[in-house]
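Asks: From first to last, the protein sequence lines are chains A and B. The opening position of the first sequence corresponds to residue 42 in my numbering, with each subsequent residue numbered one higher. The opening position of the second sequence corresponds to residue 176 in my numbering, with each subsequent residue numbered one higher.
Simulated from the structure, these hints should not be mistaken for laboratory data. In this text, all values refer to a predicted model and were calculated from it rather than measured experimentally. Among the hints, erroneous ones may be present.
Stretches of chain B that chain A covers, calculated by requiring three or more beta carbons in the stretch to come under 8 Å of a beta carbon on chain A [unchecked claim]:
| # | region |
| --- | --- |
| 1 | 217-226 |
| 2 | 393-400 |
| 3 | 406-418 |
30 Å max Cα-Cα, derived DSS-like pairs, lysine-lysine [as the list claims (entries may be wrong)]:
| # | chain 1 | residue 1 | chain 2 | residue 2 |
| --- | --- | --- | --- | --- |
| 4 | B | K212 | A | K159 |
| 5 | A | K61 | B | K325 |
| 6 | B | K185 | A | K184 |
| 7 | B | K418 | A | K60 |
| 8 | A | K159 | A | K60 |
| 9 | A | K61 | B | K418 |
| 10 | B | K325 | A | K60 |
| 11 | B | K418 | A | K159 |
All C-beta atoms in this analysis are idealised placements derived from N, C-alpha and C, irrespective of residue type, glycine included.
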Amino acid sequence: MEMKNILKASKLSIGYAHKKGNYSIANDISFELTKGKMVCLLGKNGIGKSTLLRTLSKMQPPLNGSVFVDETNLNSISETLLAQKMSVVLTERIPESQLTVFELVALGRQPYTNWLGKLNDQDYKKIQYALEQVGISDIQSKKNYELSDGQLQKVMIARALAQDTSLIILDEPTAHLDIHHKIEVFNILKALVKNTKKTVILSTHEVNLALKMADELWLMTENDFKSGTQEELIALKELDKLFPQDLILFNPKSKQFEINN
Amino acid sequence: MKKIKSSYTKSTVGMLILLVLVWFLNINLGSIHIPFKQFVAILLNSPVENESWRYIVLHFRIPKSISAILVGSGLGISGLLMQTLFRNPLAGPFVLGISSGASLGVATLLLGASAIGGVFSSIAVSNWSISIASSLGSFMVLSAVLIAVKRIRNTMSILIIGLMFGSISAAIINVLSYFSSAEELQQFIFWSFGSLGNLSWEELGVFASILFISFLFLILVIKPLNSLLLGENYARSLGINLKQTRYIVLIVTSLITGVITAFSGPIAFIGLAVPHLTKLIFTTSNHRILLPAVAILGAILMLICDSIAQVPTSEYTLPINAVTSLFGAPIVIWLLVRKHKTVL
Numbered sequence: 042m043e044m045k046n047i048l049k050a051s052k053l054s055i056g057y058a059h060k061k062g063n064y065s066i067a068n069d070i071s072f073e074l075t076k077g078k079m080v081c082l083l084g085k086n087g088i089g090k091s092t093l094l095r096t097l098s099k100m101q102p103p104l105n106g107s108v109f110v111d112e113t114n115l116n117s118i119s120e121t122l123l124a125q126k127m128s129v130v131l132t133e134r135i136p137e138s139q140l141t142v143f144e145l146v147a148l149g150r151q152p153y154t155n156w157l158g159k160l161n162d163q164d165y166k167k168i169q170y171a172l173e174q175v176g177i178s179d180i181q182s183k184k185n186y187e188l189s190d191g192q193l194q195k196v197m198i199a200r201a202l203a204q205d206t207s208l209i210i211l212d213e214p215t216a217h218l219d220i221h222h223k224i225e226v227f228n229i230l231k232a233l234v235k236n237t238k239k240t241v242i243l244s245t246h247e248v249n250l251a252l253k254m255a256d257e258l259w260l261m262t263e264n265d266f267k268s269g270t271q272e273e274l275i276a277l278k279e280l281d282k283l284f285p286q287d288l289i290l291f292n293p294k295s296k297q298f299e300i301n302n
Numbered sequence: 176m177k178k179i180k181s182s183y184t185k186s187t188v189g190m191l192i193l194l195v196l197v198w199f200l201n202i203n204l205g206s207i208h209i210p211f212k213q214f215v216a217i218l219l220n221s222p223v224e225n226e227s228w229r230y231i232v233l234h235f236r237i238p239k240s241i242s243a244i245l246v247g248s249g250l251g252i253s254g255l256l257m258q259t260l261f262r263n264p265l266a267g268p269f270v271l272g273i274s275s276g277a278s279l280g281v282a283t284l285l286l287g288a289s290a291i292g293g294v295f296s297s298i299a300v301s302n303w304s305i306s307i308a309s310s311l312g313s314f315m316v317l318s319a320v321l322i323a324v325k326r327i328r329n330t331m332s333i334l335i336i337g338l339m340f341g342s343i344s345a346a347i348i349n350v351l352s353y354f355s356s357a358e359e360l361q362q363f364i365f366w367s368f369g370s371l372g373n374l375s376w377e378e379l380g381v382f383a384s385i386l387f388i389s390f391l392f393l394i395l396v397i398k399p400l401n402s403l404l405l406g407e408n409y410a411r412s413l414g415i416n417l418k419q420t421r422y423i424v425l426i427v428t429s430l431i432t433g434v435i436t437a438f439s440g441p442i443a444f445i446g447l448a449v450p451h452l453t454k455l456i457f458t459t460s461n462h463r464i465l466l467p468a469v470a471i472l473g474a475i476l477m478l479i480c481d482s483i484a485q486v487p488t489s490e491y492t493l494p495i496n497a498v499t500s501l502f503g504a505p506i507v508i509w510l511l512v513r514k515h516k517t518v519l
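Taking the hints into account, I'd like the entire structure generated from these sequences.
Replies: Structure representation (structure tokens):
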């Protein structure tokens with residue numbers, strides 16, 4: 042029996058449309074993704090990771106090709122329905138406000154609440170579940186401006202979790218965090234995938250952590266996009282191409298990147 | 176959560192009681208002293224010593240107090256809308272250039288006679304013609320802003336475009352003023368002082384119904400406004416129709432500020448300050464609580480400012496526009512310094 046694809050891209054070109062011709066960042070991206078996977082998107086700065094994630098989450102249109110969520114073309118999914126299928130954690134800081142942690146996570150329930158945004162018992166359950174999964178129940182009445190970067194990132198993950206979507210897309214969720222919080226974020230996401238069968242896609246620069254934790258890797262290089270499990274990509278020697286080899290090398294024995302002395 | 180909710184209810188009830196008290200005080204105070212017993216008798220429709228007192232209360236003070244309530248709540252709400260939409264604590268109801276547009280309309284009517292001549296000199300200046308000129312002016316600026324909005328995606332650019340339209344209107348007013356007579360200028364300046372007391376019951380009826388209809392539309396955007404607290408990208412990812420929200424907010428704000436300026440002149444400060452005061456008192460960003468709270472607090476503040484402007488028992492009346500800033504600004508500064516950690 043064939044597994045249903047939760048996310049699929051075919052011959053996707055990403056970039057920015059201009060009147061004087063398109064500025065394309067990456068071309069010919071194709072992949073298929075099934076439920077319950079943790080995917081790490083790797084690539085050097087400026088290679089187009091954020092652009093790819095923005096295209097997958099319908100924040101910007103593809104230049105060419107199509108994205109399918111739950112086997113439906115992204116273009117024909119309404120915003121409201123998409124909000125029940127896909128949640129995001131972005132790199133941008135949220136504007137200053139008086140929102141408490143609870144209220145912020147509760148906003149994740151908006152795709153399900155009535156026109157006034159009133160929470161019902163089911164919503165409260167989902168919010169509590171999200172707070173517990175991410176381990177922030179104890180700070181739920183704090184104001185968002187009182188939080189550290191690490192706490193805030195966990196709150197944003199809880200908000201995405203409360204949105205109860207089968208797909209969660211995170212753009213560099215471990216940036217600005219210390220090594221302890223980086224590992225904690227990875228652990229939280231890994232546990233989410235295991236406990237809830239959600240599919241989590243995150244872009245990250247923590248290549249070694251990603252190699253240890255991810256079920257699948259997406260590699261973006263200048264002219265190529267490759268997806269596969271760690272073993273597949275090692276066999277194809279794809280990981281060697283991820284960075285220029287003068288400073289850092291992939292060691293297939295330890296399955297980690299190492300500094301090139 | 177239950178606990179927090181009940182404290183909001185308590186504060187709201189407290190503010191409503193305060194509103195009634197301030198309203199009562201506002202009607203009681205004025206240039207002519209009316210003994211308290213007689214005042215109560217007028218309100219209860221019982222016989223009074225001096226029938227002119229009844230006239231003053233029913234045809235002057237009560238309409239004035241109602242227009243203060245309408246102006247205060249309307250400006251407070253549109254200030255809050257602008258601050259959330261632009262995610263900028265400095266935004267107020269007039270950032271879209273709407274009051275400048277209204278001023279331009281009125282300036283054209285009052286000053287245009289000598290500067291342009293022709294048709295303008297034949298239009299009789301009355302409450303209604305000023306209201307219509309002011310509405311036309313704000314509608315013109317609103318349309319210009321909306322046309323511009325259609326072509327741009329960035330919300331911050333709308334803010335700048337609004338400011339630019341404001342500058343253009345101000346410049347045209349300067350040119351008009353330069354060519355006008357002293358008498359016309361005086362008339363225009365008096366309009367720009369703002370005034371709550373000129374409205375008849377019929378005018379109040381029109382005023383109140385337009386505001387009420389605008390408020391009804393706001394119920395539709397409470398939820399999108401809350402999601403906008405996370406920024407536009409997150410709001411969109413929550414399934415919010417950003418374009419529609421933006422249009423509703425812009426049109427409602429323009430309607431509210433346009434109609435207020437038309438009937439009461441350009442009243443400064445309240446729209447900027449009341450949302451901040453409300454957030455300081457209620458320490459929440461939830462628009463379901465903030466919108467009614469802002470309306471009540473705006474009305475309270477406007478009534479207090481109007482009472483001060485009357486300089487009770489004296490024959491002087493200060494320009495309301497000066498009073499709102501003179502007495503309001505220090506309060507906001509004091510609150511901010513005292514609660515310096517609070518985020519607006």
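Asks: Each hint: holds or not?
Replies: Okay, the hints, checked on the actual structure:
no.: 1; hint: 217-226; verdict: violated (count 0)
no.: 2; hint: 393-400; verdict: holds (count 4)
no.: 3; hint: 406-418; verdict: holds (count 9)
no.: 4; hint: B/K212 to A/K159; verdict: 47 Å, violated
no.: 5; hint: A/K61 to B/K325; verdict: 21 Å, holds
no.: 6; hint: B/K185 to A/K184; verdict: 21 Å, holds
no.: 7; hint: B/K418 to A/K60; verdict: 23 Å, holds
no.: 8; hint: A/K159 to A/K60; verdict: 44 Å, violated
no.: 9; hint: A/K61 to B/K418; verdict: 26 Å, holds
no.: 10; hint: B/K325 to A/K60; verdict: 18 Å, holds
no.: 11; hint: B/K418 to A/K159; verdict: 23 Å, holds
Hints 1, 4, 8, counting from the list given before, are not met by this structure.
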